[in-house]
Amino acid sequence: MSRLLSKANCLALLPLLIALLFGGSPIKYAKPKLSDYGFFEGHLANHNPVSGVIPYDVSAKLFSDYSLKSRFIALPKGQQLVYQKDGTFNFPQESVLIKTFYYPANFRNSDQDSQLIETRLLINTQEGWLGFPYVWNSEQTEAYLEIAGKRLNVSFVDPAGQSINFEYSVPNFNQCKGCHVNQNRMIPIGPKVRLLNHDFDYDDGKMNQLEKWSLLGMISGLPSFSSLPYTPDYNDIKSGSIEERARALIDINCAHCHRLGAPGETPGLFLNIEETDPTRLGIHKPPVAAGRGSGDLNYTIVPQYPDQSIMVYRMESTDPGIMMPELGRKLVHKEGVELVKKWIQEMEK
Amino acid sequence: MAGLLFANIEKNLQTQFILAEPGDTITIPEGLHPIRGTLSVEGKSDLVIRGQSMDQSILSFLNQDEGAQGISITNSTNITLEGFTVQDTKGDAIKIQYTDGIVFRHVKAEWTGGPKETNGAYGLYPVQCQNVLIENSVSIGASDAGIYVGQSNDIVVRYNTAYDNVAGIEIENSNNAEVYENHSYHNAGGILIFDLPDLVQKKGGNVRVFNNLVESNNLFNFAPPGSIVGKVIPGTGILILACSNVHVYQNTILNNKSVGTGVVSYFMTEEAIKDSLYNPYTADVHIYNNTFDRWAGLPELGYDIGKLLAVKYGRNTPDIIYDGMQDPENSAGLCIQDNDDARFTDLDIEHNFEEWYSPFISNFSEDMSPHNCGRVHPLTSSTK
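If you're matching them up, the sequences are chains A and B in order. The first sequence begins at 1 in our numbering and counts up one residue at a time. The second sequence begins at 1 in our numbering and counts up one residue at a time.
These are computed hints drawn from the structure, not numbers from a lab. Predicted model, so just to flag it, every value in this text is computed and none were measured. The beta-carbon is built from N, C-alpha and C at its ideal position, and this holds for glycine as well. Do not rely on the hints blindly, as some may be mistaken.
[What the hints assert, rightly or not] Computed cross-link-like contacts, DSSO-like style, restricted to lysine-lysine with a CA-CA straight-line distance of at most 27 Å:
#1 Lys11/B to Lys150/A
#2 Lys212/A to Lys69/A
#3 Lys274/B to Lys349/A
#4 Lys341/A to Lys330/A
#5 Lys334/A to Lys99/A
#6 Lys307/B to Lys28/A
#7 Lys99/A to Lys11/B
#8 Lys77/A to Lys99/A
#9 Lys31/A to Lys85/A
#10 Lys61/A to Lys28/A
#11 Lys11/B to Lys330/A
#12 Lys212/A to Lys342/A
#13 Lys349/A to Lys212/A
#14 Lys11/B to Lys33/A
#15 Lys330/A to Lys116/B
#16 Lys274/B to Lys341/A
#17 Lys238/A to Lys77/A
#18 Lys342/A to Lys11/B
#19 Lys238/A to Lys69/A
#20 Lys99/A to Lys28/A
#21 Lys349/A to Lys238/A
#22 Lys69/A to Lys150/A
#23 Lys192/A to Lys69/A
#24 Lys231/B to Lys349/A
#25 Lys31/A to Lys116/B
#26 Lys307/B to Lys202/B
#27 Lys77/A to Lys192/A
#28 Lys212/A to Lys334/A
[Said to hold, decoys possible] Here are the computed distance ranges between Cβ atoms for each label pair:
#29 Lys334/A to Asn363/B: 32 to 42 Å
#30 Asn153/A to Pro29/B: 23 to 33 Å
#31 Tyr159/B to Arg151/A: 22 to 32 Å
#32 Asp203/A to Leu32/B: 50 to 60 Å
#33 Gln112/A to Thr112/B: 47 to 57 Å
#34 Glu117/B to Ser155/A: 45 to 55 Å
#35 Thr77/B to Leu331/A: 54 to 64 Å
#36 Pro278/A to Arg315/B: 42 to 52 Å
#37 Pro29/B to Val157/A: 39 to 49 Å
#38 Met207/A to Pro34/B: 30 to 40 Å
#39 Gly113/B to Gln304/A: 33 to 43 Å
#40 Arg151/A to Trp295/B: 48 to 58 Å
Throw the hints in and build the complete structure from the sequences for me.
Quick look at the structure:
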């Protein structure tokens with residue numbers, strides 16, 4: 001029998017075998033390969049969504065080693081997102097969020113020669129949200145469940161024309177929750193009102209995503225648009241002041257952990273966009289458990305002195321004992337560091 | 001079973017950690033196993049992770065290039081770690097967070113290159129946990145605290161050994177802790193009991209430190225300067241910072257050259273206090289039935305407090321040092337009784353540091369009698 005199976009098929013069976021051996025584990029909610037879900041039609045890598053699978057994006061993006069991402073949401077038939085006062089949604093059971101990470105060979109022609117790396121599914125099961133990483137094969141025909149994560153070599157030419165080669169890490173099942181967690185429950189990060197509240201280029205023209213989702217009957221209880229908050233796209237200098245853009249950047253890159261109820265609350269550093277207390281934001285706040293992550297510096301943020309601010313030091317590092325975020329990047333987000341430096345430089349003392 | 005599927009021990013262990021069911025025991029086989037990324041356990045209950053022994057089952061993170069910890073355990077219940085060593089992690093060796101019921105038994109956290117600033121911060125590190133037991137374990141070389149329990153409740157730390165760390169054992173913003181029969185030596189500070197501002201769990205207390213051997217904690221302080229523990233003067237035996245309801249008794253505190261036992265407020269750190277819920281004072285601290293001894297010698301002179309003590313006391317630094325900052329809203333003060341011939345000084349920092357020269361002429365009080373609370377401690381008669 002083994003001769004009849006290609007190597008790829010054997011790999012595909014592995015997670016299934018594990019699922020059979022460990023029937024009670026949450027892994028039972030995952031299918032062995034991406035195509036099993038039927039989210040896309042035609043060539044899988046092209047990501048042509050079937051009806052009911054809706055593409056979207058978020059205004060401020062988590063930095064993931066410069067990878068580009070395609071996002072889709074799939075709600076169970078006839079069910080809706082329920083708007084919550086805090087700007088999040090209640091998702092019906094069996095909702096799925098789909099995110100594919102990919103690199104163009106050359107960022108100067110970013111729509112050509114893309115290499116798909118992984119597709120992460122966030123599935124709202126009976127046991128709550130669970131995250132499952134699927135890794136694309138080298139033929140780019142399929143992505144297979146890899147609960148223990150994986151390391152892959154990635155290379156691309158960046159917008160400045162420089163060749164970048166590095167080892168990309170696909171997170172493991174536990175690491176998914178490490179970020180997507182609040183009060184010990186897994187939660188989605190991206191699909192919040194303030195991150196969705198902008199135009200998206202649909203096949204049939206541009207439209208505000210919340211408006212589109214309302215038209216499609218995907219949301220109930222949404223208040224009038226004028227009252228809804230909006231997070232700026234920190235890459236777009238026209239989208240807000242330096243402070244607004246920097247706060248957007250640290251919100252999406254840091255606040256999933258550095259927020260009350262999440263693992264980064266331990267030192268009392270809260271970086272969510274709603275935070276207003278200067279100490280909790282890190283201003284003149286001594287490190288607590290940073291260890292050598294403090295880099296011989298005394299405070300998380302020293303207004304007007306980015307080079308004396310631990311926040312900048314940790315964003316500029318790629319040493320796993322120093323860098324922030326702890327996971328999800330091997331490269332420095334140069335543009336992000338510059339923005340945070342400017343923000344600190346312009347702060348009042 | 002998953003062990004049969006993967007030759008790679010890292011992937012094998014991580015897969016088992018993900019798939020574990022309640023009641024499972026996961027075995028770390030004998031050998032020195034190189035591991036490149038954090039091994040994580042999340043949302044598990046009734047799980048045992050067991051090696052052959054501390055010396056036989058070793059996870060080496062010398063070439064770690066991903067994740068800040070060696071092992072990270074979060075949101076779990078009743079986890080037992082037993083009989084293995086975690087070496088040379090880039091950050092903390094074993095971090096446990098949001099977990100109710102964690103046992104470390106015969107577990108070693110170690111940085112093999114000696115005390116260095118580039119070592120990870122904490123060795124055995126439960127934080128925001130309930131029901132913590134750390135016993136017969138070892139920590140060597142942490143650049144902050146070797147055994148560190150933070151923002152946790154109901155804690156026993158016993159029969160452990162800690163050396164070559166900045167702090168051997170530290171209990172921070174934690175309640176109901178018993179720290180006993182540990183050997184903490186050759187650190188910069190032996191045992192620290194701290195309450196710090198701006199944290200999630202605001203207040204610690206009800207801490208008992210007894211029957212420990214705390215000796216020769218004269219190592220240089222190699223903590224990164226920004227951290228609070230970096231302010232601890234080398235030569236510190238036991239230090240109580242801004243805590244209340246702490247009992248220190250029946251310890252043997254030997255040859256710690258600067259501060260045998262210190263009782264100080266947060267004002268000593270010279271950091272601004274912005275946390276309105278924070279109480280920077282000590283109160284209700286009891287030091288009794290301890291044995292102090294130190295060879296005649298100068299305290300560490302690279303720190304202000306060391307210079308001050310040297311100016312005042314030369315080679316005969318007192319054993320118990322108090323900054324005099326009693327909590328004005330708490331009538332229970334500092335009680336010192338029956339510590340053999342221990343010598344004492346009250347620095348009275350509120351009045352003695354108004355001018356640069358005042359330490360030289362200041363009247364520190366060596367009179368212990370205000371601190372004889374006349375209390376009969378239940379253990380006094382039976383054990384002395």
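Structure-based check of each hint:
For the proposed pair Lys11/B and Lys150/A, the alpha carbon gap of about 9 Å is at most 27 Å, so the pair holds. Between the alpha carbons of Lys212/A and Lys69/A the distance comes to roughly 20 Å, so the proposed pair stays at or under 27 Å and holds. Between the alpha carbons of Lys274/B and Lys349/A the distance comes to roughly 16 Å, so the proposed pair stays at or under 27 Å and holds. With a C-alpha separation of about 20 Å, the suggested pair Lys341/A and Lys330/A falls inside the 27 Å cut-off, and the hint holds.
Between Lys334/A and Lys99/A, the direct Cα distance comes to roughly 24 Å. Compliance with the 27 Å bound is thereby established for this hinted pair. A distance of roughly 65 Å separates the Cα atoms of Lys307/B and Lys28/A; the hinted pair therefore is violated under the 27 Å criterion. Restraint check for Lys99/A and Lys11/B: the C-alpha separation of about 24 Å stays at or below 27 Å, so the hint holds. At roughly 20 Å between alpha-carbon atoms, Lys77/A and Lys99/A fall within 27 Å of each other, so this suggested pair holds.
Distance check on the hinted pair: Lys31/A and Lys85/A sit about 34 Å apart at the alpha-carbon level, beyond 27 Å; violated. For the hint pairing Lys61/A with Lys28/A, the CA-to-CA distance comes to about 30 Å; that exceeds 27 Å, so the pair is violated. Only pairs whose Cα atoms come within 27 Å are accepted, and Lys11/B paired with Lys330/A is accepted, the gap being roughly 20 Å. For the proposed pair Lys212/A and Lys342/A, the alpha carbon gap of about 36 Å is over 27 Å, so the pair is violated.
With a CA separation close to 44 Å, the supplied pair Lys349/A and Lys212/A exceeds the 27 Å bound. A hinted pair counts as satisfied when its Cα atoms are at most 27 Å apart, and Lys11/B with Lys33/A qualifies at roughly 20 Å. For the hint linking Lys330/A to Lys116/B, the alpha-carbon distance of about 25 Å falls within 27 Å, and the restraint holds. With a CA separation close to 24 Å, the supplied pair Lys274/B and Lys341/A stays within the 27 Å bound.
Using a Cα cut-off of 27 Å, the hinted pair Lys238/A and Lys77/A is violated, with the two alpha carbons roughly 38 Å apart. A threshold of 27 Å between alpha carbons decides the hint, and for Lys342/A with Lys11/B the separation of about 41 Å lies outside it, so the pair is violated. The straight-line distance between the Cα atoms of Lys238/A and Lys69/A is roughly 22 Å, inside the 27 Å bound, and the hint therefore holds. Straight-line distance between C-alpha atoms of Lys99/A and Lys28/A comes to about 20 Å, which keeps the hinted pair within the 27 Å bound.
Restraint check for Lys349/A and Lys238/A: satisfied, since their Cα atoms lie roughly 26 Å apart, inside the 27 Å limit. Distance hint between Lys69/A and Lys150/A is fulfilled; the C-alpha atoms sit about 18 Å from each other, no more than 27 Å. Taking the CA atoms of Lys192/A and Lys69/A, the gap is near 17 Å; set against the 27 Å cutoff, the hint holds. Simply put, Lys231/B and Lys349/A have alpha-carbon atoms about 25 Å apart, close enough for the 27 Å limit, and the pair holds.
For the suggested pair Lys31/A and Lys116/B, the alpha carbons sit about 47 Å apart, so the restraint of at most 27 Å is broken. With a CA separation close to 33 Å, the supplied pair Lys307/B and Lys202/B exceeds the 27 Å bound. Restraint check: the Cα-Cα separation between Lys77/A and Lys192/A comes to about 21 Å, which is no more than 27 Å; the hinted pair holds. The straight-line distance between the Cα atoms of Lys212/A and Lys334/A is roughly 34 Å, outside the 27 Å bound, and the hint therefore fails.
Distance hint check: the CB atoms of Lys334/A and Asn363/B are about 58 Å apart, inconsistent with the given range 32 to 42 Å. Between Asn153/A and Pro29/B the Cβ separation comes to about 29 Å, which falls inside the hinted range of 23 to 33 Å. In this structure, Tyr159/B and Arg151/A break the distance hint of 22 to 32 Å, their C-beta atoms being roughly 40 Å apart. Range check, Asp203/A to Leu32/B: about 57 Å between beta-carbon atoms, so the 50 to 60 Å window is met.
A hinted range of 47 to 57 Å holds for the C-beta pair Gln112/A and Thr112/B, which are about 49 Å apart. Between Glu117/B and Ser155/A the beta carbon distance is about 35 Å. The supplied range of 45 to 55 Å is therefore violated. Our hint of 54 to 64 Å for Thr77/B and Leu331/A is violated, since their Cβ atoms are close to 37 Å apart. The hinted range of 42 to 52 Å is satisfied by Pro278/A and Arg315/B, whose Cβ atoms lie roughly 46 Å apart.
At about 44 Å, the CB distance of Pro29/B to Val157/A agrees with the hint of 39 to 49 Å. In this structure the hint that Met207/A and Pro34/B lie 30 to 40 Å apart at CB is violated, the actual value being about 52 Å. Against the hinted window of 33 to 43 Å, the Cβ-Cβ separation of Gly113/B and Gln304/A comes to about 37 Å, which satisfies the hint. At about 54 Å, the beta-carbon gap between Arg151/A and Trp295/B stays in the expected band of 48 to 58 Å.
When each numbered hint is compared with the structure, violations occur for hints 6, 9, 10, 12, 13, 17, 18, 25, 26, 28, 29, 31, 34, 35 and 38.
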